[in-house]
Amino acid sequence: MSRSRNALALGLAALALLAATGVAAQTPARHGIGRAATAAEIRGWDIDVRGDDGLGLPPGKGTVEQGEKLYLQQCASCHGEFGEGNGRWPELMGGHGSLTSEDPRRTIGSFWPYAPGVFDYVRRTMPFTAPQSLSDDETYAIVAYMLNINDLLPAGAELDAAKLRAIRMPNRDGFLQGDPRPDVVAKGEPCMTNCRKEPVRVTSDLARKLGVTPNNRGN
Amino acid sequence: MNDDPREVERPTPPPARPSTTGRRGFLARGGLVAAAASAPGLAFGKDENLPPNVPEWTKSLGPGVTASPYGAPSPFEKTVVRRHVEWLTATEQSSINFTPLHELHGIVTPSGLCFERHHGGVPEIDPAQHRLIVHGMVDRPLIFTMDDIVRFPSVSRIHFLECPANGGMEWKGAQMDGVQFTHGMVHCCEWTGVRLSTLLAEAGVKPEAKWLLAEGADAAAMTRSIPIDKALDDCIVCYAQNGERIRPENGYPLRLMVPGWEGNVQIKWLRRVKLGDRPWHHREETSKYTDLMPDGKARQFTFMMEANSVVTSPCPEKPMKHGKGFHEIRGLAWSGRGRIKRVDVSVDGGNTWKAAELQEPVLSKCLTRFRLPWSWDGGPAFVQSRAIDETGYVQPTIDQLRAVRGVNSVYHKNAIHTWRVNSDGTVNNVQIT
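Taken in sequence, the protein lines are chains A and B. Numbered continuously in my numbering, the first sequence closes out at residue 358. Numbered continuously in my numbering, the second sequence closes out at residue 464.
These are calculated hints, taken from the structure and not from any lab test. Incorrect hints may appear among the rest.
What the hints assert, rightly or not - Simulated pairs of lysine-lysine, DSSO-like, Cα-Cα distance not exceeding 27 Å:
#, chain 1, residue 1, chain 2, residue 2
1, B, Lys-77, B, Lys-109
2, B, Lys-319, B, Lys-261
3, B, Lys-385, A, Lys-326
4, B, Lys-77, A, Lys-302
5, A, Lys-326, B, Lys-203
6, B, Lys-355, A, Lys-348
7, A, Lys-348, B, Lys-349
8, A, Lys-336, B, Lys-203
9, A, Lys-348, B, Lys-203
10, B, Lys-372, B, Lys-355
11, A, Lys-326, B, Lys-77
Claimed, not checked - Rough simulated footprint, nothing fancy, chain A against chain B, three-plus residues with beta-carbon under 8 Å:
#, region
12, 380 to 394
13, 409 to 423
To be verified - Derived contacts from chain A toward chain B, CB cut-off under 8 Å, selection only:
#, residue
14, Arg-174
15, Ala-176
16, Asp-191
17, Phe-221
18, Trp-251
19, Val-341
20, Asp-344
As the structure is a prediction and not an experimental result, all values here were calculated from the model. For every residue, glycine included, the Cβ atom is placed at its ideal position computed from N, Cα and C.
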């Protein structure tokens, strides 16, 4: 009797233990799924260049002059011969002193904080219709030209990893780290009645005139 | 490309007015004309299917079970679609379209109506040839097939996803006369996948790793840096959306879900995760997706989507055609910080507020549907909603936001929104003070 009760108690304890280990066994730190990525596999995809210090910049070089030629062939149709941007395509130069104006222009010259970031972006996704088609030398050359049209590299210059790292962009210190939000904080409980001191005044009624209302074309 | 409001501020002519050539014919602006009578297969202006007549569809046999192996909405719902604004961007490959919030019910967005934002078009990826590589500051660089990823322990969550440029065209003034365009860069789906923390544990994150870079396999090879704490907290590497594999435009076959954070970090077509000790300062976290302040400095890494809400009925697309009397005010609220605690609604431009009813379940980082019965007296009204989340954060007014951030920050505009209901029942987007 008492033996069987003991046995039962033991059994329960074992069960509890089993349950505990059972749960652990269901969520191991590692599942043994996937396999080691080979160095060659990683090399093919590991294209990122760190924007600020240029970690990951490949060997290679290119001149402003070579870059101008390539840029005119492969980039100017959208971005304009001097980076001024055709139509609604992005502009790649100018905008200095505009960041506090009513019409801020955020360009490589006026806004981008780091030069190696430009290399990273162009190599990974430009030209727009043929991404990842530029060689590293071509990318250095085109970046050299884009820095040149922004007065950040002289016309005769040649660009490589070390020189790219050394370029100090005009808006280098233009970015605030650490999200300060919530930066618009309500004081006290939100008001529920008699909240307005003045009658409603419409400050902007442009939408009706522009008339950008989703239509029923079903497109 | 251009989440930039100055692209919008120019007095460019708006896109073509409702077409007069379509089958549905001469719909008035704002969809004021009832469309039912002009629906396909029906003679316009006839009411032969109304009682006491027996309708056509009752007197004939319909198609059988194999007619539509993958179902589609009723042809009468043809206008429930994503829309874009042609003059916003130079090309549709780098552009935005908008969720038709005014047509949605409940909190889940049908996959085919989720707004799209691509920087290099939608890639057509063969899942058999898709791989995810996890490397950098890890003990074991790993490569996964899609089958590998589906084998891992899975998790499902319902979360909203919002582009931080949602409403960004409205910093300087009310411009878009429709909720689809003022707030339609948000959707809410059930996402299923493996926790990112599970994949990272598999690779073994080195202690010095503080950030990771997520990269897409699209033509933009989109990249964003994400702090390791968030990566280990609630991020999901997803392969399913609303019960089926993710739609191509939403990241097929694999995307990152970063709950409550801005849409751009939730990398679609995810192919690579690299661990590092610092952020990468790539283009989408310097040139774009940074918030320019009045002093010319830009805030960087502003990931959180703060509480936001909007009334979806009435709205410009859903005018008060019925005349005075009962109207259920309906809308959506959401917060990247957690649950919505309360939504207040005003019909007098913020003088009087009433707490709306919240539809259960109210989930964290998820759209929440609110409702308030209203008896419209037929006079002009200013309809607003104000969301309060579980952290006590109160959705601000546009004046309050502008006082701190100016009008040039493009992103993260979450102001209380105002619809003016006119006596004729039409509704406009206005800003008030």
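Which earlier hints turn out false for this structure, listed by number in ascending order? Numbers 4, 10, 11, 17 - these are the hints that the structure violates, sorted from lowest upward.
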